[in-house]
Amino acid sequence: MTLSGGLTRPGERDRPIIKFMEVDWTFCLVLAMIAGVGGLMLFSIAGASWEPWADKHLLRFGVYFIIMIALAMCDLRWWFAAAYPIYGVGLVLLVAVDLVGDISLGAQRWLQLGPLRFQPSEVMKIGLVLALARYYHGLSSDSARLSWRLLIPAAMIGVPFLLVAKQPDLGTAILIAATGGAIMMLAGLSWRVIAALGALAAVAIPPFIMFGLHDYQRNRILTFLNPEQDPSGDGYHILQSKIALGSGGLLGKGFGLGSQSQLNFLPEKQTDFIFATLAEEFGFVGCFGVLFLYGAVIFMALRIASISHSHFGRLAAAGVTATFSLYVLINGAMVMGLAPVVGVPMPMLSYGGTVMLTVMVGFGLVQAVRVHRYTEVTSGKGSLM
Amino acid sequence: MSEPSIFFFEVNERQGVFHRRAFLLGGLTGAGLLALGGRLAQLQLVEAQRYQKLSAGNQFNYRLVPPPRGLIRDRNGVSLASNRPNFRLIINKDKGLDAEAVMTDLQKLVPIDEARRARVLKELDRAPRKAPVVVMEDLSWEEFSRVNIRAPELPSVTADMGEVRVYPFGGAFAHVIGYVAKVSDRDLAAAKDDPTQDQELLHHPGFRIGKQGVEKAFDKELRGRAGATKTEVDAQGRVVRLDPAGDVPPTPGKEVLLTLDADIQNRALEVMGEESGAIVVMDVRNGDLLAMVSAPSFDANRFVKGLSGAEYKALAEYERKPMLDKSLTGVFPPGSTFKPTVGLAALTAGIDPEVRINCGGSWYYGGRTWRCWEPRGHGSQNLHDAIKNSCDVYFYQTSLKIGPDAIANAARAMGFGQIYDIGIPGQKRGNVPDPAWKKRAFKKNPANQIWFPGETPSYGIGQGALTVNALQLAVMTSRLANGKKALVPRLIKSVGGVEQPSGAAVPDLPFSTEHLNYVRGGMAAVANDVRGTAYRQSQLGLGDVQMAGKTGTAQVRSYDGVKNRKGYATTWRLKDHNLFVAFAPYDDPRYAVAVIIEHGGLGGATAGAPRAREVMRVALLKDPEIRARIERPAPLPEVAPEDVMEGAAPDDPVEGVAPPAPDVGAPPAVPPTTPQGGQR
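So the protein sequences, as listed, match chains D and Y. Counting in my numbering, the first sequence runs from 1 upward without gaps. Counting in my numbering, the second sequence runs from 386 upward without gaps.
Next comes chain D alone, as it looks inside the complex:
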């Protein structure tokens, strides 16, 4: 910020050293703190050992952090130009996974590309944000409010949603749809349409749960509604997570002393339910602290979005923030027994490379928006303003 005053000369902002200084380092520090807490918890769960999770978690964070900084250096115009191609690649991959993907745990989510094994839905999370931001960049506020042109962003959201839901990966599909919806809302969608869509969802969801879901998906939801029905079967996850949380109390049981996680009562303790481990060992105080860090990340990211001079930058940064917020809120609600068990991890805290990479790439975009906040992005027709 302090630099901006003197950076008025043309081309001055394109110097790499200036760009590097323009990265929001407070933001990076908070991210590192969250990842550090994650490493600490993984160290504890493994029985005070860096193996097998904590070391990899921190190493990954380090590598992805470098990727994030590198992406932050990329010109926003490059991001703009790459938006549709990335979205297109994501779409192709989603179709490919449907045809030739690996089946793991009854769902087709993984694609093997040479030595790489990844989930195309993760590419789509970034691709959709970029593509929508680019589309809205060229759309007038009236059109963004309500017009037939909105069928295009609706289709941009709908196609990947259906493809991911078909895998089936309902959690990611909902995340994609919600992110897309958030961007449409931020772009200025009419409140009437939002209200109408909300009402439609309220009417359509119950029959969808009963008839449109796989048995295991329906059971998860029904179990969530009544977890004590089968405490050692499907309700086990929720119940054990609540026990871990509740038994932590105000100050927690102490580092490495969480019986629920150490003795394996807590399922998926290193991934989806790592927040419960944290709650058990560090109590209310520790949890509140971590939630505060997440809040800070979201606040800072939204602030970056709002100071951007380009509509593309605003929407892209806000879209990434929305995705991140949804991760935190859904995982938090699930761990605390407020939402059904869906496979959504706590970003930066949970062990697992895919989601961390997605989030860090997303934050690379957010940082790029900050670094290039004064950059003039081309118009919707591809021309420079």
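Any given hint could turn out to be false.
[What the hints assert, rightly or not] Here are some chain Y residues pointing at chain D (derived, C-beta under 8 Å):
1) 403
2) 417
3) 435
4) 436
5) 540
6) 543
7) 620
Since the hints were derived computationally from the structure, they do not count as laboratory data. Each residue gets a CB set at the ideal place from its N, CA and C atoms; glycine is no exception.
Given chain D, work out where chain Y should sit, using these hints.
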């Protein structure tokens, strides 16, 4: 390239909308985060205690330790039911257990045949979650260690050491003590709502419940209270750490002491041989039961393990009914063993014992011929002779003179028709008939309600509707031998060190001592007069320690038209029951014995008396005072044996010294007319 598609004001408007909406979105997210914080506060601050309890319940497991079952001992402390170590193999029905695979693994370690495998798999299928199922018991040490070494690879398998009930004497006490067996579904259902029962203990695979006899009647006392070992476990139920400080030791069950004597009991079962029947031995001074045997018997240890279908079938279908306790539940007509009681009734009714009745082998009354067992007749009989010879004709006529009510009163006073509280269930009352009983019993058949005069002579010789059990016969004999007290039997000496009430704390018999002595004289003659019905079979061979007794035959079928019953061969089921009651020493009674040999044949002397004699010998030889008397015979003058009859007071230490002449003052009213001396 040509014209900007977005006008300036539009840009501003888009930016404005975005800012407002971004603010809203940020607010929503903040509210969401606050909601999560609120939920955290609810769980971690408000409900923390509840979840801390649940967490501890997860983390710590109290593994139940069954209490050692209380021992059952005889009067001398010999253990009749104890516990031995038992190495067991148990599969816990954990979540995701692959029973087939586990069984296949186990089959490589220990011998498990296909039938057992199938049975265990079926049980596992039926068992509720987390319930343990026993795969094998009584593993050898090698098998036990082989499984234990591989325990880490077999997480749901436990090889542990428990205890199992063992009955060292096998069948000798099977009916009295009963046995323990697996807790059945019916037991569980019965105990379900009983707050005094430890439900968890009942479900423990090593736990056994008393099913019969003392084991059943004193089950709760013998059971004890379960303890627990505190262990820290992981989600798979594997023990992570032991916490000995949190262990609760089990409380062993109480010890039950019986009045029985293992030596006498064993001898009693031994002498029964292949025969079916019962022997009861009682201490006539205090009512303690020294032996109570039913034969044939069975090995109670087999029931602890669980009987195979074939074994059970063999036991249940055997003609001589091994599982039936014949000493308590078997009721028989007492036959001639009832004659001393009728004699007492006659004396009480004022009949002069010296009035003689002539027996010519039969007697004509009421339109039919009443036969004496001795077809040649006994000649002129007084009461003493009639008991000694068991003369039926004398008792036919005498009973008619005194009537059924007098007989029934005497029978009840001697202990017939009653159930005694000896601590274990299963007694049959039998039946002491009288006119009032007939009215009750034949409610639907008024024609049969009256007491026919022809029923009385049968009653007089212990036949007809009269039925008794072996315990009642022993009580009758004990009361007669005691000569004073209306003794009741006692089987349970103490429970957990608490002495049970003695059978001697009872009122006196409603008979005069003179009459009792007279009848006992007759019984002495049965055993010691050369013409007595059981003379040869009743000689103890213990010097001057002699037995008095009474033979008996209970008809199973009618012998009308059969001339000579002795030579009347028939199948086992149709043979007469053979009974014998006795007490000894005659001059200072200590022990009474009652023997019933089911279908043992005519005349109590043949089957009953020799067995009574053998059992009596063991009882007498175990008594140190009697031993002293036999080994150093007291210099009692042969000339006046009647004086010593009641002489040696039971409490006198006879050790080596000549007993003081007790005949002067101690016995209250010894009639000098007792005919024993004369009969010799």
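Practice item. Mind checking the CB of residue 436/Y against every CB in chain D and telling me if the closest is under 8 Å? Key: holds, 3 Å
Given residue 543/Y as an interface hint, is its Cβ closer than 8 Å to any Cβ of chain D? At 19 Å from the nearest chain D Cβ, residue 543/Y fails the 8 Å test, so the hint is violated.
task: Verify the interface restraint on residue 540/Y: the C-beta must sit less than 8 Å from at least one C-beta of chain D.
output: With Cβ-Cβ at 12 Å, over 8 Å, it is violated.
Hey, does the residue 403/Y contact hint survive, CB to chain D under 8 Å? holds, 5 Å
Status of the residue 435/Y interface restraint (C-beta, 8 Å, chain D):
holds, 7 Å
- Does residue 620/Y pass the interface check with chain D, least Cβ-Cβ distance below 8 Å? With Cβ-Cβ at 4 Å, under 8 Å, it holds.
Open item on the list: Given a cut of 8 Å on the nearest C-beta pair, is the interface hint for residue 417/Y held or broken against chain D?
Closed with: holds, 5 Å
Comparing the model with each earlier hint shows violations of hints 5, 6; every other hint is respected.
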